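Following the hints, put chain P with the ligand in place on chain A, whose structure we already have.
Chains as they are written, first to last, in my numbering: chain A, 1 to 413; chain P, 1 to 102.
Because the hints were derived from the structure by calculation, they are not lab data. Accuracy of the hints is not assured; some may be wrong.
As the list claims (entries may be wrong) - One-sided and incomplete, this derived list gives chain P residues near chain A with beta-carbon spacing under 10 angstroms: (1) S15; (2) V18; (3) W37; (4) A38; (5) D39; (6) A48; (7) G49; (8) W55; (9) R68; (10) T70; (11) V71; (12) D73.
Every value quoted in this text rests on a predicted model; they were computed, and no experiment measured them. Using N, Cα and C, we set each Cβ at its ideal position, and we do this for glycine too.
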Amino acid sequence: MPLGLLKYGLSSKYPARRHFPPAKDLKRSYDVVIIGGGGHGLAAAYYLARDYGITNVAVLDKGYLAGGNTARNTAIIRSNYLTPEGVRFYEESMRLYRELSEEFSYNILYSVRGHFTLAHTDAAMRTSRWRAEVNKHLGVDSELIYPDDIRKLCPSMNLSDDVRYPILGALYHPPGAIARHDAVAWGYAAGAARRGVEIHQMTEVTGILTENGRVKGVETNRGTIHCNKVLQAVAGSSSLVGKMAGLRLPIRTIPLQACVSVPLKPFLDQIVVSGSLHVYVSQSSRGELVMGGSTDPYALYSTRSTLDFKESLLGHMLELFPFLGEVSVLRQWAGMTDMTPDFSPVMGLTPIENYYIDSGWGTWGFKATPICGRTMADTVATGVAPKLIEPFRLSRFDEFAQVGEKGAASVGH
Amino acid sequence: MKIMNCPLNGPRNISEFVWGGEVRTMPDPNGCTTEEWADYVFLENNTAGIVREWWCHVPTSFWFIAERNTVTDEIIRTYPAGEVFKTRVDFAPRPKTQEGTR
Ligand SMILES: Cc1cc2nc3c(=O)[nH]c(=O)nc-3n(C[C@H](O)[C@H](O)[C@H](O)COP(=O)(O)OP(=O)(O)OC[C@H]3O[C@@H](n4cnc5c(N)ncnc54)[C@H](O)[C@@H]3O)c2cc1C
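So here's chain A without its partners, still in its complex pose (with noise of 0.2 angstroms):
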């Protein structure tokens, strides 16, 4: 009832739910200081507070609240990668978001809708059964199938030979999710928020102040803040934000981008993806189709779009669903990505002490939000990198130990 509405919405008894307090003042020194209000900075701030009882802490963000990769990516999420380092890390965080409505008593739209890697080659058959067993050795859901199965599970596909890349099998991983970006990051700054950090926007860093090898603090278009430690978690802009500190990262920053649907009825359960027609799809809860493709041929700060990526991506998306060809695209968008030689990030110490890194997160960091949180809060907390994401380490390109995911990384995010 509209008019019943109305009533609610204007009565003091049920007053607007205020999401963060009103910023405050920016200080001139913290405990710690957060570059970067993406989903990453924001929940490492949540955790030193909840876990560490951190909270003089500021994360400091150029433009708006999550304004970066975090309000841009297509929100897949799924823990079916190539290495054991790379499923035990992404596995955990699937745990923890499985978690965080409760967790924030705020509902982050998490869906678990069951995801397809589309084989259409022997070799894409031969990477799929490694994964497979990779996965299920190490207790995660995965499975090779077939398109019999395929047909029973998403009877929309087309699955015919008569097309240029026919579709052989698939990667089936049953609890593969999406869930709403802008909440994860909002449940977060808001927890982090209520427990004392103060979130700055608007607030850009332009150089980081160091002595004897030991980080002293940022300066920023609102001034010097003097701190004893710094995480930085910028994505796109990682390596120039490292540059301030002098670091050289293994990062190259290219556009990645996405688009979706008109909004359809409700037919596609599934997240697909294949690799090799450079398409992945899902279904919005709103029945928006949310479409994305590889990253664009080359480096570039910036988020324009092209026609190149819409024509390749729509074409491929035919190929699939014959039956969308009348259908619109609504909006474009991209983002820029931080890609690392091996597609997996670059995460815990650097050469400057107190100084902590978290990115490389390229085109499949959302998923990782609550485990990079949780992560690097323990390692700005305690100084230490947990097991867990040792195998991420900067160092490990000095020391040729790359942990190799581009299998399971390079379309699938």
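Chain P with the ligand alone, transformed into the frame defined by chain A:
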């Protein structure tokens, strides 16, 4: 579509090209330290601004150099690699290892 000027073939669609990353000097693989080699192979300047990069025109396999602004996405200049690399790079012969020990 975005157009790039190939020094060999003239203006072509950007989809005909492959990006090869920053132009950088290779350290002597036999003389440098492990860290120097790791830096060369894995680490990046990842500059925001004007950079000098390798590009390849795929249909003709022609590698050349482009100056490009990585913030505005403008291609400023493209030219044959010979403008930068004037002398031939001779690789030192591989150090002798005993059969079966590699
Ligand atoms: C189109 C697209 C689709 C994606 N799809 C998926 C997916 O399906 N599943 C998945 O798991 N991942 C996905 N990702 C990746 C995921 O979005 C990111 O890895 C993740 O959101 C990174 O979170 P973050 O908090 O580290 O970064 P961000 O959310 O980008 O936050 C970094 C913040 O740092 C701020 N900042 C930068 N420089 C400074 C400075 N100098 N001073 C102060 N603040 C600064 C920025 O303003 C920004 O808000 C996708 C990414 C894109 C672009």
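Now for the hints, and whether the structure bears them out:
1. At a threshold of 10 angstroms, the smallest CB-CB gap from P:S15 to chain A is about 6 angstroms, leaving the interface hint in force.
2. Below 10 angstroms, beta-carbon pairs count as interface contacts, and P:V18 has one with chain A at about 7 angstroms; its hint therefore holds.
3. With a cut of 10 angstroms, the hint placing P:W37 at the interface with chain A holds, because the nearest CB-to-CB distance is about 9 angstroms.
4. Because the closest C-beta pair between P:A38 and chain A is about 5 angstroms apart, less than 10 angstroms, the hint holds.
5. Annotation: P:D39 was flagged as interfacial toward chain A, and the flag holds, the nearest CB pair being 7 angstroms apart, inside 10 angstroms.
6. Restraint check, P:A48 versus chain A: the minimum CB separation of about 5 angstroms is within 10 angstroms; hint holds.
7. This hint holds: P:G49 has a C-beta 9 angstroms from the nearest C-beta of chain A, less than the 10 angstroms allowed.
8. Hint status for P:W55 relative to chain A: holds, with the closest Cβ pair at about 8 angstroms, below 10 angstroms.
9. This hint holds: P:R68 has a C-beta 8 angstroms from the nearest C-beta of chain A, less than the 10 angstroms allowed.
10. With a least beta-carbon distance of about 6 angstroms to chain A, the hint placing P:T70 at the interface is held under the 10 angstroms criterion.
11. Residue-level restraint check for P:V71 holds (minimum Cβ-Cβ distance to chain A is 5 angstroms; threshold 10 angstroms).
12. For the restraint placing P:D73 at the interface with chain A, the shortest Cβ-Cβ distance is roughly 6 angstroms, inside the 10 angstroms limit, so the hint holds.
Hint violations for this structure: none, all hints satisfied.
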